[in-house]
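Trainee: The residues making up each chain are set out below.
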Amino acid sequence: MPPDNEPDLKRAFAELHRRERDPAPPFAAMRERAMNRTAGRQSSAATNRTITPLLWIWGAPAALCMAMAILWWHNRPPVPDSAIAQQPDSSQRVEQLLTQIEQQFKFDEAISSSTYPTDALLTQADATEIP
Amino acid sequence: MASPPELIDQVSAFHADAFGWAVACSGGDPEAAADTLQECYVKVATGRAAFSGRSSLKTWWLAVIRLTAFEQRRGKQRWQRRVDAFRDWLALFGRESPEPPEQAFASPDPDHLLAALAQLPARQAEILRLHFQHDLSVSEAAAVMGVSVGSARQHYERAKKRLRVILATNAQEALCDHAS
Numbered sequence: 280m281p282p283d284n285e286p287d288l289k290r291a292f293a294e295l296h297r298r299e300r301d302p303a304p305p306f307a308a309m310r311e312r313a314m315n316r317t318a319g320r321q322s323s324a325a326t327n328r329t330i331t332p333l334l335w336i337w338g339a340p341a342a343l344c345m346a347m348a349i350l351w352w353h354n355r356p357p358v359p360d361s362a363i364a365q366q367p368d369s370s371q372r373v374e375q376l377l378t379q380i381e382q383q384f385k386f387d388e389a390i391s392s393s394t395y396p397t398d399a400l401l402t403q404a405d406a407t408e409i410p
Numbered sequence: 441m442a443s444p445p446e447l448i449d450q451v452s453a454f455h456a457d458a459f460g461w462a463v464a465c466s467g468g469d470p471e472a473a474a475d476t477l478q479e480c481y482v483k484v485a486t487g488r489a490a491f492s493g494r495s496s497l498k499t500w501w502l503a504v505i506r507l508t509a510f511e512q513r514r515g516k517q518r519w520q521r522r523v524d525a526f527r528d529w530l531a532l533f534g535r536e537s538p539e540p541p542e543q544a545f546a547s548p549d550p551d552h553l554l555a556a557l558a559q560l561p562a563r564q565a566e567i568l569r570l571h572f573q574h575d576l577s578v579s580e581a582a583a584v585m586g587v588s589v590g591s592a593r594q595h596y597e598r599a600k601k602r603l604r605v606i607l608a609t610n611a612q613e614a615l616c617d618h619a620s
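First to last, the protein sequences are chains L and R.
Taking the working numbering, the leading residue of the first sequence gets 280, the next gets one more, and so forth.
Taking the working numbering, the leading residue of the second sequence gets 441, the next gets one more, and so forth.
Incorrect hints may appear among the rest.
To be verified - List time: in silico BS3-like cross-link candidates among lysine-lysine, alpha-carbon distance up to 30 Å: (1) R:K601 - R:K483; (2) R:K483 - R:K498; (3) L:K385 - R:K483; (4) L:K289 - R:K601.
Stated by the list, open to error - Only part of the chain R face toward chain L is listed, based on derived beta-carbon distances under 10 Å: (5) G460; (6) K483; (7) A485; (8) T486; (9) A490; (10) F491; (11) P548; (12) L557; (13) M585; (14) V587; (15) S588.
It should be emphasised that the hints constitute simulated quantities derived from the structure, not laboratory data.
We put the beta carbon where it would ideally sit given N, CA and C, even for glycine.
Please model the entire structure based on the sequences and the hints provided.
Mentor: Listed below in structure tokens is the structure:
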């Protein structure tokens, strides 16, 4: 290996280096962008610091409740067919209710039209009235 | 320890050199290099990259750029990295390169040098660039590359020898093309 080969290699690398570093974008612009992006990241980090505990406090229990509700819904005991069959039709049920209400009205009228034992006294008082 | 804005101002002394190194680490793509360097400044500004003083500032900064370029290329060229690693391994444990012919010592122009560097395994090209372009010693280059000094020295010796062979071969091919 000749001893004087490295200066040539060094010269070639120096030329390559000059060519590669020449189109470097200006430092000031890159610095400013970096600082702006840092500010953006810091504000988003602050937002995350606020939101994350809230998510844990409210979100996690809510998610747990939803999961339990879904589990219950899927595993709830089936309603027997006989029970469904025994359920009266809604119109029939309305009819029954109306009938009951009418009967209740009749009963109330019967009570209001009845005579009380003291009514006799009122009649006697009318009869013994002195002219 | 310097605050992030102070550290950015300190590394600004190497801005152009750093860009050149970012170009080398980004596969010769200046746009990717600009993105890499921008991300490095963001890392410093956010404190994700902090200078501890264990090495020189320039060595540390070149290592940050190398790592960031590596992170940005990760995923895109995973298979390419494996090929490079395999080539490195072959170069490290494979046969010795033959002695280069005399024509290899003619001063190559940057285009030929770039073409020859592209034919080298990644680590060999890196160590040559760090040594010849950035004036780092082999041990400093080892720190930038994250390898042991012994391994770096081996890469360096083999890289120099292989580069000369490639340059000579390319020069001979160019002569043949010119003659024909």
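Trainee: Run every hint past the structure and note whether it holds.
Mentor: Taking the hints in turn, this is what the structure says about them:
no.: 1; hint: R:K601 - R:K483; in the structure: violated (37 Å)
no.: 2; hint: R:K483 - R:K498; in the structure: holds (16 Å)
no.: 3; hint: L:K385 - R:K483; in the structure: violated (90 Å)
no.: 4; hint: L:K289 - R:K601; in the structure: holds (14 Å)
no.: 5; hint: G460; in the structure: holds (4 Å)
no.: 6; hint: K483; in the structure: holds (9 Å)
no.: 7; hint: A485; in the structure: holds (4 Å)
no.: 8; hint: T486; in the structure: holds (5 Å)
no.: 9; hint: A490; in the structure: violated (14 Å)
no.: 10; hint: F491; in the structure: violated (16 Å)
no.: 11; hint: P548; in the structure: holds (5 Å)
no.: 12; hint: L557; in the structure: holds (8 Å)
no.: 13; hint: M585; in the structure: violated (17 Å)
no.: 14; hint: V587; in the structure: violated (20 Å)
no.: 15; hint: S588; in the structure: violated (24 Å)
Violated hints, in rising order: 1, 3, 9, 10, 13, 14, 15; the structure is consistent with all others.
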